[in-house]
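Just so you know, the protein sequences line up as chains A and B, in that order. Quick note on numbering: the first sequence equals residues 1 to 180 in this note's numbering. Quick note on numbering: the second sequence equals residues 181 to 395 in this note's numbering.
Hints may be right or wrong, so weigh each one.
What the hints assert, rightly or not - Dumping the calculated BS3-like pairs for lysine-lysine here, alpha-carbon to alpha-carbon at most 27 angstroms:
no. : chain 1 : residue 1 : chain 2 : residue 2
1   : B       : 286       : A       : 19
2   : B       : 379       : A       : 19
3   : B       : 384       : A       : 19
4   : B       : 270       : A       : 19
5   : B       : 270       : B       : 286
To be verified - Examples of chain B residues toward chain A, derived with CB under 10 angstroms:
no. : residue
6   : 248
7   : 288
8   : 291
By construction, these hints were calculated from the structure, which means they are not laboratory data. The beta carbon of each residue, even a glycine, is placed where N, CA and C say it ideally should be.
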Amino acid sequence: MDIREFSSLLAVYGGRLDKWPHTHRLAATRLLEQSADALALLEQARALDADLRAEMPATSPARLRMMEDSILARLEAEEEEAPTPELRRPVPAQPQVRTKPAAGRHGQAMMWAGLRAGRPALRPFGHSGSRFLVGSMTGFGLSMVLLAGVGLWIGSHLGQISSYSQQQALAYYSIDLWLR
Amino acid sequence: MGADGGMRPSTLARAGHGSLVMRDNSGPAPSSPTERAEGVDEALMRLVAEGDRQAFRQLIQRHLDRIIILARRIVGPAESEDIAQEVFLKIWRQRQQHGTEVLHFKTWLYRVAVNQCLDWKRRALPGGTEEMPDIEDPGASPFAEVQNLERAELVKGAIAQLSQRQRIAITLYYQEDLQASEVAEIMQCELNAVESLLKRGRQKLRENLERDSFL
Numbered sequence: 001m002d003i004r005e006f007s008s009l010l011a012v013y014g015g016r017l018d019k020w021p022h023t024h025r026l027a028a029t030r031l032l033e034q035s036a037d038a039l040a041l042l043e044q045a046r047a048l049d050a051d052l053r054a055e056m057p058a059t060s061p062a063r064l065r066m067m068e069d070s071i072l073a074r075l076e077a078e079e080e081e082a083p084t085p086e087l088r089r090p091v092p093a094q095p096q097v098r099t100k101p102a103a104g105r106h107g108q109a110m111m112w113a114g115l116r117a118g119r120p121a122l123r124p125f126g127h128s129g130s131r132f133l134v135g136s137m138t139g140f141g142l143s144m145v146l147l148a149g150v151g152l153w154i155g156s157h158l159g160q161i162s163s164y165s166q167q168q169a170l171a172y173y174s175i176d177l178w179l180r
Numbered sequence: 181m182g183a184d185g186g187m188r189p190s191t192l193a194r195a196g197h198g199s200l201v202m203r204d205n206s207g208p209a210p211s212s213p214t215e216r217a218e219g220v221d222e223a224l225m226r227l228v229a230e231g232d233r234q235a236f237r238q239l240i241q242r243h244l245d246r247i248i249i250l251a252r253r254i255v256g257p258a259e260s261e262d263i264a265q266e267v268f269l270k271i272w273r274q275r276q277q278h279g280t281e282v283l284h285f286k287t288w289l290y291r292v293a294v295n296q297c298l299d300w301k302r303r304a305l306p307g308g309t310e311e312m313p314d315i316e317d318p319g320a321s322p323f324a325e326v327q328n329l330e331r332a333e334l335v336k337g338a339i340a341q342l343s344q345r346q347r348i349a350i351t352l353y354y355q356e357d358l359q360a361s362e363v364a365e366i367m368q369c370e371l372n373a374v375e376s377l378l379k380r381g382r383q384k385l386r387e388n389l390e391r392d393s394f395l
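The shape of chain B in the complex, shown without the other chains:
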């Protein structure tokens, strides 16, 4: 971790085809793919802060699909793409602010995304449950596909019965594969609050799944 908020010094150079490639300047090489990915994000974000749209496009390419999925899980599929677009527009508008807080880019991005989902939920009319699209699994047999779909529907129904905060915590921890401490940073709450959300959410999910399996 460096003095600039924990980032490894690195720069981006333009390759022949115009895209940006990361070049490490100093220090030990990143030890894991996650660290390397974080280094690339941070380096891209520094360029974005200077107004580099090519770097911004690369950031979009790296994260857009995950943000759509996150929004789909929190608010449903109908608005997920609009929300994802708004998230990246906010990132662009607030590009000067990144780096003022000691947050990894991904944590910051997810925080903006979760807040955008919550804003949308607040604005949305009460009631109305959103339908998720069918789960596609081209490699599975028709029978397995039906079973998977049924199970996915069951899990979807169980997740939908969680409170909003439990759903966000479970989504970030399991589906986005973040650490509990990162979830706490994104949700802007204490670690023990996240642990409590995860514990109660998981317990409720188990109960819901057991009950619904017998229906």
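Pulled out of the complex, with its shape left as it was, chain A reads as follows:
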């Protein structure tokens, strides 16, 4: 290491060699043993370091204690106002509950009533054969099926039958009930 490189490193890392990168420390120590100029540069750098390290007035212990208490009181107040982090975690997805549950219940009731009332009219030929044929339905049966459809629609849109899977299950159950 020459004096130029030493000066350049002093400008970056200051006069405390223990804070220099390890790779330069040994070479700097060797140079200082041989060069009075390097030693003079180091003394200058240390004087500036001392200015920079001048301590600020310390806060009194009583004041620090007061601040400690204040911090802990503030965090307690914060946690009383807000739920704890555990409670703030997202709640597992619940089936969406919509408003107007009464309308939903009415819709469901309409659907069941329609299915029950329409079932005999829709099966004029018994269990075998043509139960799926729309042409065999009586006017009363058709209107009851329509009533059931309207009930299902109201139930799904306004009431408690909110998820698609619930709607599907209800539809299958209705058909099954009708076929029995």
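Place chain B on chain A using the hints.
Just chain B now, kept in the frame of chain A:
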């Protein structure tokens, strides 16, 4: 350095008076006071992450004074105590996050503190230089005290003329006695950027001090 981000395994046990004392579990004993202090901080922080307020109080006791001084150097004395309180509240709120990054507690704490100071500076109205309180030195003679005060004022003025980033780098490196690599971690920049800030900051300080000494 361990797999958990470089921390030595250690636990804290409660002493009779309710405070926490560190107990090393395994491995070689810490070689320096700094390492021991880091071990205590990390162990306390693990308890804090579980919601232990007594451990949090101890962390505050260990670092509050330095954080106040750091804030005083970066933003001035008027807001330094408020900023220090905010820093510790943030540490509490973000306690689960410590350990997700390989950072020593002190580095993380200083990063939060520097960011809090920068936030405050951004929010503060432009202009207005903050006055630092008088330097107290009860052991010095009145003449030496005046000289020290004058010198301290001179240095304070020279530091105030640095750019914000130079001031932060100089404060952390000299006044908080951190390594350049730690300053880089706190300021979230490359090591060579910190070296450049230190070099230019120091050069400017020297020029300012030389010029002001002759005024």
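Against the structure, the hints:
no., hint, in the structure
1, B:286 x A:19, "18 angstroms, holds"
2, B:379 x A:19, "14 angstroms, holds"
3, B:384 x A:19, "21 angstroms, holds"
4, B:270 x A:19, "30 angstroms, violated"
5, B:270 x B:286, "14 angstroms, holds"
6, 248, "5 angstroms, holds"
7, 288, "17 angstroms, violated"
8, 291, "19 angstroms, violated"
The structure shown violates the earlier hints numbered 4, 7 and 8.
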